[in-house]
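Read off the chains here:
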Amino acid sequence: MLRASHIVTIRDIVLGLFIFLCTSFALAEALDWPTRSRIFPLAVGVPLLFLVTSYLARRIVALRRTGAAEGNDPSAKEQDAWLVDAVKGLRFGAWLIAYAIGSWLLGFAAAAGITTVLFLRLDARESWKASVIMGSALLTLMIVLSELVGLRLHAGLVNW
Amino acid sequence: MIEAFLQGLLDTVALANLTFLLLGVCVGFVIGILPGLGGPVAIALMLPFTFDMTAEASFAFLLGMVSVTATTGELTSILLGVPGEPTAAALVLDGHPMAKRGEAGRAVGASLASSLLGAWFGAFVLAISIPFVRPIVLSFGSPEFFMITIVGLTFVAILGTGNMHKALIAGWFGLLLGMVGLDPQTATQRYTFGVLELWEGFGIVPVAIGLFAIPEMVELAARGTSIAGNATSVGALNGLWRGIRDTFTHWWLVIRCSAIGAFIGLLPGLGGAVAQWIAYGHALQTSKTPEEFGHGSIEGIVGPGSANNSKEGGSLIPTVAFGIPGSATMALLLGAFVLKGLTPGPEMLTDRLTLTMSFVWMIVLGNLAAVAIALLVARQIVLVTKVRGPLVLVVMAVMVLVGAFSARNAFADVVVMLVFGALGTAMVALNWSRAALILGLILAPIAERYLFLSISRYGWGWLGRPMVIALAVVAIAAVVVQARREIEGRRHKAVENR
Chain A
1 MLRASHIVTI
11 RDIVLGLFIF
21 LCTSFALAEA
31 LDWPTRSRIF
41 PLAVGVPLLF
51 LVTSYLARRI
61 VALRRTGAAE
71 GNDPSAKEQD
81 AWLVDAVKGL
91 RFGAWLIAYA
101 IGSWLLGFAA
111 AAGITTVLFL
121 RLDARESWKA
131 SVIMGSALLT
141 LMIVLSELVG
151 LRLHAGLVNW
Chain B
161 MIEAFLQGLL
171 DTVALANLTF
181 LLLGVCVGFV
191 IGILPGLGGP
201 VAIALMLPFT
211 FDMTAEASFA
221 FLLGMVSVTA
231 TTGELTSILL
241 GVPGEPTAAA
251 LVLDGHPMAK
261 RGEAGRAVGA
271 SLASSLLGAW
281 FGAFVLAISI
291 PFVRPIVLSF
301 GSPEFFMITI
311 VGLTFVAILG
321 TGNMHKALIA
331 GWFGLLLGMV
341 GLDPQTATQR
351 YTFGVLELWE
361 GFGIVPVAIG
371 LFAIPEMVEL
381 AARGTSIAGN
391 ATSVGALNGL
401 WRGIRDTFTH
411 WWLVIRCSAI
421 GAFIGLLPGL
431 GGAVAQWIAY
441 GHALQTSKTP
451 EEFGHGSIEG
461 IVGPGSANNS
471 KEGGSLIPTV
481 AFGIPGSATM
491 ALLLGAFVLK
501 GLTPGPEMLT
511 DRLTLTMSFV
521 WMIVLGNLAA
531 VAIALLVARQ
541 IVLVTKVRGP
551 LVLVVMAVMV
561 LVGAFSARNA
571 FADVVVMLVF
581 GALGTAMVAL
591 NWSRAALILG
601 LILAPIAERY
611 LFLSISRYGW
621 GWLGRPMVIA
631 LAVVAIAAVV
641 VQARREIEGR
651 RHKAVENR
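Going down the list, the protein sequences come from chains A and B. Using the working numbering, the first residue of the first sequence is number 1, and each one after it goes up by one. Using the working numbering, the first residue of the second sequence is number 161, and each one after it goes up by one.
It cannot be assumed that every hint is accurate.
Result set (DSS-like, lysine-lysine): computed pairs, CA atoms no more than 30 Å apart in a straight line [stated by the list, open to error]:
# : chain 1 : residue 1 : chain 2 : residue 2
1 : B       : Lys546    : A       : Lys88
2 : A       : Lys129    : B       : Lys546
3 : B       : Lys448    : B       : Lys653
4 : A       : Lys129    : A       : Lys88
If you are wondering where the hints come from, they were derived from the structure by calculation, not from laboratory data. It should be emphasised that the depicted structure is a prediction, and the values quoted were computed from it without experimental measurement.
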């Protein structure tokens with residue numbers, strides 16, 4: 001059974017591995033370029049590969065030896081709280097992505113109004129009144145920014 | 161010279177010019193608060209409106225705007241965790257934690273006071289340096305500029321606050337990410353994957369917003385409370401004055417960081433985003449309580465706050481004296497010179513010296529007006545931290561998406577912001593240094609350009625130049641000091657645990 005501290009260390013290793021893979025890919029790509037183009041990427045990538053490899057090695061050794069994470073081992077209750085927070089955070093991230101997609105399809109103004117109302121009503125459980133007021137306010141702000149201030153905002157793929 | 165200095169003051173406070181100055185401050189106040197819409201965007205939007213103005217009125221309006229955007233960008237960094245400008249990202253690290261524990265007023269007070277003092281320092285440097293600026297700027301060649309980027313990079317290690325290894329990895333990873341785009345030497349596409357929008361690399365604005373604002377928004381969404389949470393906030397006004405007093409308590413830090421900001425601003429091409437991080441690293445390294453940095457240290461606000469504003473005065477020096485813009489904002493300000501039929505260079509230091517001196521007063525009075533306005537509305541501004549979380553989140557979501565898009569009018573930047581937002585959230589959760597990553601990203605193209613120029617021009621002989629050696633010693637000393645600090649800290653901890 002994995003201890004909570006193991007999980008913290010594993011997450012750290014995953015991020016380190018991500019950086020390791022990006023660096024390895026970057027170095028492999030750089031080898032195909034002209035000499036002048038690859039000098040700086042190699043000068044940066046090789047030391048970076050060394051740094052991240054040594055870091056991963058340290059973390060893996062620490063995981064096998066004691067499983068000790070930096071700081072104290074979180075209790076089961078703290079782990080549960082972390083999971084709840086993580087789910088809420090991921091849910092908000094999904095809303096943000098939906099807002100971005102909506103902006104791309106419908107334009108910033110419309111997406112601001114619609115996504116705001118939906119998020120406040122469905123996720124934050126705010127009242128209809130508060131949701132509609134905020135949605136209208138942000139829609140108005142977008143219109144002011146684009147029409148009066150002259151900011152060029154993405155109009156969306158849908159022709160309103 | 162003194163006559164020109166006094167005449168510049170009289171010209172600045174003339175009714176018409178003063179009116180335009182205050183108008184510029186008001187416009188800059190609003191624009192500075194919106195992320196992604198900082199000094200450069202403000203000037204780009206407002207420049208056409210200055211066609212019919214006199215030279216003095218035009219610069220009063222534009223400099224009034226520029227003076228204040230740096231300050232107001234810091235307010236959103238503190239209150240919302242959203243950098244109003246990329247140059248205000250450092251204030252998220254300590255300002256926002258202070259807001260979360262109910263000390264928003266104190267953080268805002270310190271930010272305003274340090275910004276004002278930093279701006280005045282930068283204006284003072286502009287005023288006194290005009291006779292001396294030419295030999296200073298001309299003595300710095302590409303080797304010295306390269307070494308300054310190295311010094312900036314070594315602060316990566318210091319910004320790690322306790323884990324230099326992770327900070328170095330983050331910083332060097334930032335360097336790698338900074339190479340995305342067209343190679344400036346050979347125009348080879350590097351890591352663009354055929355995406356046209358990546359030819360210019362990652363925009364600093366979407367990266368800054370993604371790395372610093374998105375994680376704060378995710379955390380706010382997870383907490384479900386207001387920004388200040390359940391913290392019993394100090395009364396806004398009391399907190400404000402305490403923050404202002406804190407700035408004067410750390411007066412020596414203000415002077416040192418203002419000097420750093422003015423110096424960085426003076427050097428063309430380095431960009432304002434560097435000044436805040438070097439000042440932050442310096443404040444951390446010289447602090448008696450470095451463990452507080454990243455968790456709400458007042459020095460973490462005072463240092464970068466003063467550097468952020470002093471750099472504007474510094475960046476005016478090469479702009480006015482040589483027509484070499486010290487920053488993106490100054491590059492656009494050169495457009496105003498052209499519109500008014502002015503030629504940066506000797507003319508500005510001789511025939512138009514009065515106008516040049518009036519720039520000094522415009523920065524002084526513009527910042528004073530900005531701080532006065534901010535203090536007037538400070539109580540209302542601080543109340544933002546008490547608003548329900550979801551209501552703040554929807555406003556922030558609009559701000560970050562518009563901010564990321566508006567920087568280059570490219571929807572790809574919104575995608576970049578979201579990707580770096582995911583990375584930033586992971587880094588915060590796992591205690592990796594975002595500051596180091598963004599500093600590496602900013603410095604990569606600068607370092608590469610100056611390295612190639614140095615080698616092309618001097619071979620490897622540039623390594624023996626005196627200033628290069630001096631800067632190398634500074635960089636090595638910074639790493640050694642930090643390494644010793646970490647080793648001693650670990651030893652202390654091991655003794656306590658026994």
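A quick look at each hint next to the structure:
For the proposed pair B:Lys546 and A:Lys88, the alpha carbon gap of about 21 Å is at most 30 Å, so the pair holds. Restraint check for A:Lys129 and B:Lys546: the C-alpha separation of about 20 Å stays at or below 30 Å, so the hint holds. Annotation: proposed proximity of B:Lys448 to B:Lys653 holds, straight-line Cα distance about 18 Å (limit 30 Å). Under the criterion of a C-alpha separation no larger than 30 Å, the hint pairing A:Lys129 with A:Lys88 is consistent with the structure, at around 24 Å.
Checked against the numbered hints given earlier, this structure breaks none of them.
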